[in-house]
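Heads up, the sequence shown is in this note's numbering, so the first residue is 163 and it goes up one at a time.
Incorrect hints may have been included.
[Stated by the list, open to error] Below 30 Å or equal to it, Euclidean Cα-Cα: the simulated DSS-like pairs (lysine-lysine) are:
no., residue 1, residue 2
1, K339, K225
2, K240, K333
3, K240, K209
4, K225, K201
5, K235, K201
6, K368, K445
7, K368, K333
8, K276, K339
9, K276, K225
10, K333, K311
11, K201, K276
12, K276, K311
Treat the hints as calculated values from the structure; they're not laboratory data.
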Amino acid sequence: MVRATTTQRSITIKPFQEFSLEIFFRMSWRDPRLVFEGKQPLQVPAKYADDLWDPDIFFPNEKTGTIHNVIAKNEVFKIYPNGTVWHSIRLTLNLGCAMQLEHFPLDHQTCAIKISSYSYDNSSIVLRWLTNPVELNLDEMELPQFELKYWECGDCNEVYRTGKSAYSCKKVNFHFKRQVGFYILQTYIPCILIVMLSWVSFWINKDAVPARITLTVTTMLTMTTQLTTSRSNSMRVSYPKAMDVWYAVCMLFVFGSLLEYAFVNVMTRREKSIVRETIRKRKMSEKKDDDLDDTVSQEIRLLRIFTHKNHRYGDELIPIHVQDEICICLCPQSDKIGVGCLQLC
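Please model the entire structure based on the sequences and the hints provided.
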């Protein structure tokens with residue numbers, strides 16, 4: 163039975179599906195062959211450390227790892243009188259972390275350290291956690307974009323295809339929450355301002371074509387540049403992220419302002435065309451009416467109306483209005499001019 167514990171000095175989340183840890187990894191096991199008489203543990207010199215048996219522990223999700231050996235190798239073995247061996251080593255590990263980015267940048271991530279034996283199955287080695295298995299030095303952690311919420315220890319026993327035996331495996335899950343302050347300042351606020359700037363074109367005179375076109379096209383190009391910069395600094399995945407949806411909606415608003423002006427411009431030109439055609443037809447109609455009125459007026463002015471008085475007709479020119487033409491034609495003998503002549507007739 164091997165008991166393990168870890169002390170994390172620093173944790174760094176890297177942008178490409180991995181995170182880095184600097185840890186003190188400690189294990190203990192009992193070897194009956196090493197029992198001796200005494201009360202104090204013996205520290206094994208470095209030159210004899212390789213002669214001791216130790217479990218072939220490895221980290222299944224490790225990408226790269228380093229044993230610190232500046233000045234001296236950061237490793238120690240101690241043997242207690244009852245045969246218990248205590249082993250401590252300082253490591254820096256780069257571990258894979260399969261991040262789920264559907265809700266990026268409002269996401270939560272879980273990254274794990276897996277510890278297992280490489281060649282000994284459960285019948286030979288069983289891993290167990292020591293009391294208080296994980297200790298964290300929060301003051302030295304480098305987490306500018308994440309906040310460590312909590313961690314938990316568990317099992318990850320696996321059966322490999324090379325055999326039917328199960329291998330003892332332990333893991334520590336670290337649960338992180340991404341801090342959105344950076345993205346609020348670098349993404350959300352600039353995008354909101356760009357969209358609001360594109361809406362300024364709604365208050366510009368619709369006849370100011372260069373001003374409105376310049377404003378809408380400039381905001382469109384700015385939004386495209388913002389999107390390109392954001393995607394180059396984020397992890398590339400095959401599915402859309404929440405940030406991609408945000409940019410798509412912002413682009414839709416900016417592009418909509420450009421379409422709105424195009425629609426307004428087309429409708430304005432159509433309206434002006436209709437107004438010009440209406441004015442042209444009205445002028446032609448008024449010209450025809452004026453020509454007809456002039457002709458009728460000239461004929462009526464030349465007309466002599468004879469009024470009879472005491473059965474005598476006198477020669478008298480009477481001014482005739484256009485509306486009296488029907489009356490004169492119906493009642494030439496009437497001495498009334500206007501609506502009254504229609505009543506007399």
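Against the structure, the hints:
1. K339 - K225: Status holds; Cα separation ~23 Å.
2. K240 - K333: OK: K240 and K333 at ~25 Å, within 30 Å.
3. K240 - K209: Holds. K240 to K209 sits at ~14 Å (cutoff 30 Å).
4. K225 - K201: Violated - the C-alpha atoms of K201 and K225 are around 42 Å apart, more than 30 Å.
5. K235 - K201: holds, 27 Å
6. K368 - K445: holds, 28 Å
7. K368 - K333: Measuring from Cα to Cα gives roughly 65 Å; hence the hint is violated.
8. K276 - K339: Holds: K276 and K339 sit about 21 Å apart, inside 30 Å.
9. K276 - K225: Answer holds: K276 to K225 is near 12 Å, not above 30 Å.
10. K333 - K311: At roughly 17 Å apart (the allowed maximum being 30 Å), K311 and K333 satisfy the hint.
11. K201 - K276: Roughly 35 Å separates the two Cα atoms, so the pair is violated.
12. K276 - K311: holds, 19 Å
Comparing the model with each earlier hint shows violations of hints 4, 7 and 11; every other hint is respected.
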